[in-house]
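Asker: Take a look at the letters that make up each chain.
2 protein chains.
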Amino acid sequence: MIIALAGGVGGARLAHGLARVLPPGELTVIVNTGDDFEHLGLHISPDPDTVLYTLAELADAERGWGLRGETFHAMEALGRLGGENWFALGDRDLATHIERTRRLAAGDTLSAITADFAARLGISQAILPMSDDAVRTIVHTDAGALPFQDYFVRRHCAPRLISLEFAGAETATPSPALRAAMARADLRGIIICPSNPFLSIGPILAIPGIRSWLAGRRVPCIAVSPLIGGKAVKGPAAKILAELQIETTPRAIALHYQGLIDGLMIDEADAADRFGECAVTATLMRDIADRERLAREALAYIERLRPAA
Amino acid sequence: MIIALAGGVGGARLAHGLARVLPPGELTVIVNTGDDFEHLGLHISPDPDTVLYTLAELADAERGWGLRGETFHAMEALGRLGGENWFALGDRDLATHIERTRRLAAGDTLSAITADFAARLGISQAILPMSDDAVRTIVHTDAGALPFQDYFVRRHCAPRLISLEFAGAETATPSPALRAAMARADLRGIIICPSNPFLSIGPILAIPGIRSWLAGRRVPCIAVSPLIGGKAVKGPAAKILAELQIETTPRAIALHYQGLIDGLMIDEADAADRFGECAVTATLMRDIADRERLAREALAYIERLRPAA
Numbered sequence: 000m001i002i003a004l005a006g007g008v009g010g011a012r013l014a015h016g017l018a019r020v021l022p023p024g025e026l027t028v029i030v031n032t033g034d035d036f037e038h039l040g041l042h043i044s045p046d047p048d049t050v051l052y053t054l055a056e057l058a059d060a061e062r063g064w065g066l067r068g069e070t071f072h073a074m075e076a077l078g079r080l081g082g083e084n085w086f087a088l089g090d091r092d093l094a095t096h097i098e099r100t101r102r103l104a105a106g107d108t109l110s111a112i113t114a115d116f117a118a119r120l121g122i123s124q125a126i127l128p129m130s131d132d133a134v135r136t137i138v139h140t141d142a143g144a145l146p147f148q149d150y151f152v153r154r155h156c157a158p159r160l161i162s163l164e165f166a167g168a169e170t171a172t173p174s175p176a177l178r179a180a181m182a183r184a185d186l187r188g189i190i191i192c193p194s195n196p197f198l199s200i201g202p203i204l205a206i207p208g209i210r211s212w213l214a215g216r217r218v219p220c221i222a223v224s225p226l227i228g229g230k231a232v233k234g235p236a237a238k239i240l241a242e243l244q245i246e247t248t249p250r251a252i253a254l255h256y257q258g259l260i261d262g263l264m265i266d267e268a269d270a271a272d273r274f275g276e277c278a279v280t281a282t283l284m285r286d287i288a289d290r291e292r293l294a295r296e297a298l299a300y301i302e303r304l305r306p307a308a
Numbered sequence: 000m001i002i003a004l005a006g007g008v009g010g011a012r013l014a015h016g017l018a019r020v021l022p023p024g025e026l027t028v029i030v031n032t033g034d035d036f037e038h039l040g041l042h043i044s045p046d047p048d049t050v051l052y053t054l055a056e057l058a059d060a061e062r063g064w065g066l067r068g069e070t071f072h073a074m075e076a077l078g079r080l081g082g083e084n085w086f087a088l089g090d091r092d093l094a095t096h097i098e099r100t101r102r103l104a105a106g107d108t109l110s111a112i113t114a115d116f117a118a119r120l121g122i123s124q125a126i127l128p129m130s131d132d133a134v135r136t137i138v139h140t141d142a143g144a145l146p147f148q149d150y151f152v153r154r155h156c157a158p159r160l161i162s163l164e165f166a167g168a169e170t171a172t173p174s175p176a177l178r179a180a181m182a183r184a185d186l187r188g189i190i191i192c193p194s195n196p197f198l199s200i201g202p203i204l205a206i207p208g209i210r211s212w213l214a215g216r217r218v219p220c221i222a223v224s225p226l227i228g229g230k231a232v233k234g235p236a237a238k239i240l241a242e243l244q245i246e247t248t249p250r251a252i253a254l255h256y257q258g259l260i261d262g263l264m265i266d267e268a269d270a271a272d273r274f275g276e277c278a279v280t281a282t283l284m285r286d287i288a289d290r291e292r293l294a295r296e297a298l299a300y301i302e303r304l305r306p307a308a
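The listed protein sequences correspond, in order, to chains Z and X.
Anchor point for the first sequence: position 207 equals 206 in numbering that gives the first Met the number 0, and the numbering is continuous, going up by one each time.
Anchor point for the second sequence: position 28 equals 27 in numbering that gives the first Met the number 0, and the numbering is continuous, going up by one each time.
Hint data in this document are derived by calculation from the structure and do not stem from the laboratory.
All C-beta atoms, glycine included, are put in the ideal place defined by N, C-alpha and C.
One thing to keep in mind: the hints can contain errors.
Stated by the list, open to error - Here are some chain Z residues pointing at chain X (derived, C-beta under 8 angstroms):
#1 Ala76
#2 Leu77
#3 Gly82
#4 Arg91
#5 Asp115
#6 Phe116
#7 Ala299
To be verified - Chain X residues, not near chain Z, derived (Cβ > 12 angstroms throughout):
#8 Trp64
#9 Gly82
#10 Thr108
#11 Asp132
#12 Ala179
#13 Gly229
#14 Phe274
#15 Arg305
Claimed, not checked - One-sided and incomplete, this derived list gives chain X residues near chain Z with beta-carbon spacing under 10 angstroms:
#16 Glu69
#17 His72
#18 Leu120
Turn these sequences into a full structure, and let the hints steer you where they fit.
Answerer: Listed below in C-alpha cells is the structure:
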C-alpha cells in the first residue's frame, strides 16, 4: 500500500498513474486543501477536485483543470446578472461545489463527502483531503495579504509575492480516515507527487500531525521533482519561486524536503544539477502511458531505497 | 400606470404583453413568492424568475419554464454524484439562484435583487416580489403537509389535495417599493393576470396589506380568467381545483375575487357561463401578438370600467 501526497494537475497525473498500476485499495492520495475557498456561497476544493476528476478520467487534459467537454453557461449567465465570474466554474463542475456545500452545511465532513464523490465516480483508491479542518493559503504580497485564489486567478499572480502563510495549519489535524491510512501496517512507501513543493505540498507538510508522521516514517519516502530543465512545467510557479528567492533546482527541492524524503526523482534535463540521493528519468507526463511508466519507476525507486531486512 | 398581479407562465405572458404596449416605467408586476423554496442550499423563486425571463424575452416558450436554449449539464453531473436532481435547474438558470442566494446571505432584500436582475436583463418595467417576508405555500394532502414544490414537482401532484396554506402570509408586509407603487397617484388600474387564482394569486391576496389595498382600491381592477372552455390551460390545475371542490367556471373565479375586482375577462369558449360583469375575448396567448392584443383589451376594459368623472 502506497500513500501519495498531491496538489493539483502534476500531482493528480502521477496519482492517476499510481492508481492504474496499483491494485484497487492499495493507494491513498492525501490532497492539499490550502487552495480551498468560499466563492459565490459555495465551498470550492480545487485540488481535491482535480485529483477526483483525473482519477475518474474525466479531467480536461488540455486546459489542465475542470472536466472534459465542459460548458460554461452558468458563468455567462452570472456575468449577465452582474455576478462575480472571474473564477471560471464549469456547469458540471458546479454540481460538485453545490453538492459539497450542501453536505458540509448538513454536517458531513470534507473527507466523507470526498470519499462518496470518489465512489460515485468509480474510483477504487482512497482520496483524502489533508484535513477536515480549514487550512487556507494566504499570499502576502506588495498588494497586501490575499487569499490564494484571489492572488492566483483573479489577479493572475500580478502582485509581487513576499511570503506564504498556511492559516489554520498549526491546529489542523489529519482526519480519522487519514490517521488510519498513515498507520497501516502494510504501508510500503510514500510518494510526494510533482506538485509545487511550496504552494501545493507546503500546506500538507504544515500540518504537524502529517509532518511528524513523515519525519518519523519507517518506509521510504521519495519526491518527484516538478522541475524540467530548471523550469516549472506550468506557468506562474516560476515567477512565484523567483519572488520567494527559491532557486528552481533539484537542490532547492531536496532542501525543502530535507528530513522528509529518502530520494528525489528528477528529470533527465536536470541530471547535471543532481543533489543528494537522486533517480533520473523522463518526468513529463504527456499521456496515460507516461503516467503509468513514471508511477512504476517511482514504485521501483521506493523498493530500491528499502533497507535490506 | 398599471399594476398587474402575476404568478407563473400565464400571468407572465400577459405581463409581457402589458410591458410591450405600455410606456417604460408604466407597469409594476407584483409576483407570487409562495412557490419560493430552498433547494440544494439555493433560494429558488420560480414565479419571479418566470416573470423576469418572460419580460426579458429569454423564456422557453415550449417548455413553459426556464430559459430558451437551456442546458442541464449541472443536473446530470449532480445525479452522477448522488445529489437531488428531481427539480430540474438549467445551467444558466442556476446562475440566477446562486447569485440571488449569495446576495440574500449578504443582507440584500429579494426586492432589491429582483430589481437589479430586471435592470441587468434590460427590463424597463418594475417587477416586485409580493413581499420580502417569507410566505410559503403548504399543500395539505392525504400524504401529509407538503411544501409546494415537493407536492407539485417531486410528487407530480399525485397526493390528494385537501387544503392550501400560505404560511407566513398573515404577518408578511408589502416591501417599501411595493407600497410606493400601490400609493402612486397616477395608478389607472389593476389587472389580475391569468395565473391560477387559488395557487398563484391566492398567496398574494393572503397578504393583509395587499388584500386591503385591493379591497379599498380607487381604480378599476379586472381579472383575466385562466380558464378556456372550463379547463385550465396548463396541466395539473384541473386536478387541484377538483380536489379543492372548486368548479372550473367563470362563476368560481368571480366569487374567489369577490369584492376585489370590477370585471372579469373570460374566454369566448366560456361565454355561455358568464357571471356578473364580464368581457369576452380570445384569451389564449400563443405568440407575442396574442399577448399584446390581450394586454390592449385588458387596458381598454379597465378604461370602460372607470367611472365617468
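Asker: Hints first: check each against the structure and report whether it holds.
Answerer: Going down the list of hints, with the structure as the test:
Interface hint at alanine 76/Z: satisfied, since its Cβ lies 4 angstroms from the closest Cβ of chain X, which is below the 8 angstroms cut-off. The beta carbon of leucine 77/Z is positioned within 8 angstroms of a beta carbon in chain X (closest approach about 4 angstroms), and the interface hint is therefore held. The beta carbon of glycine 82/Z comes within 4 angstroms of a beta carbon in chain X, closer than 8 angstroms, and the hint placing it at the interface holds. Hint status for arginine 91/Z relative to chain X: holds, with the closest Cβ pair at about 4 angstroms, below 8 angstroms.
Interface hint status for aspartate 115/Z: upheld, as the beta-carbon distance to the closest one in chain X is roughly 7 angstroms, under 8 angstroms. Hint status for phenylalanine 116/Z relative to chain X: holds, with the closest Cβ pair at about 6 angstroms, below 8 angstroms. With a least beta-carbon distance of about 36 angstroms to chain X, the hint placing alanine 299/Z at the interface is violated under the 8 angstroms criterion. The beta carbon of tryptophan 64/X is kept farther than 12 angstroms from every beta carbon of chain Z, the shortest such distance being approximately 16 angstroms.
With a closest Cβ-Cβ approach of about 4 angstroms to chain Z, glycine 82/X is found to fall inside the 12 angstroms limit, against its non-interface label. At roughly 16 angstroms from the closest C-beta of chain Z, the C-beta of threonine 108/X stays outside 12 angstroms, upholding its exclusion from the interface. In this structure aspartate 132/X is separated from chain Z by more than 12 angstroms, as the shortest Cβ-Cβ distance comes to about 22 angstroms. In this structure alanine 179/X is separated from chain Z by more than 12 angstroms, as the shortest Cβ-Cβ distance comes to about 24 angstroms.
For glycine 229/X, the shortest C-beta to C-beta distance to chain Z comes to about 40 angstroms, beyond the 12 angstroms cut-off, and the non-interface label holds. Every CB of chain Z lies more than 12 angstroms from the CB of phenylalanine 274/X, the least distance being 44 angstroms, so the non-interface label holds. Against the 12 angstroms criterion, arginine 305/X stays outside the reach of chain Z, whose nearest CB is about 39 angstroms from its own CB. Annotation: interface hint on glutamate 69/X holds; nearest CB of chain Z at approximately 8 angstroms, less than 10 angstroms.
Interface restraint check: histidine 72/X against chain Z, minimum CB-CB distance 4 angstroms, threshold 10 angstroms, status holds. Taken as an interface hint, leucine 120/X checks out: its beta carbon lies about 7 angstroms from the nearest beta carbon of chain Z, inside 10 angstroms.
When held up to the earlier numbered hints, the structure conflicts with 7, 9 and fits the remainder.
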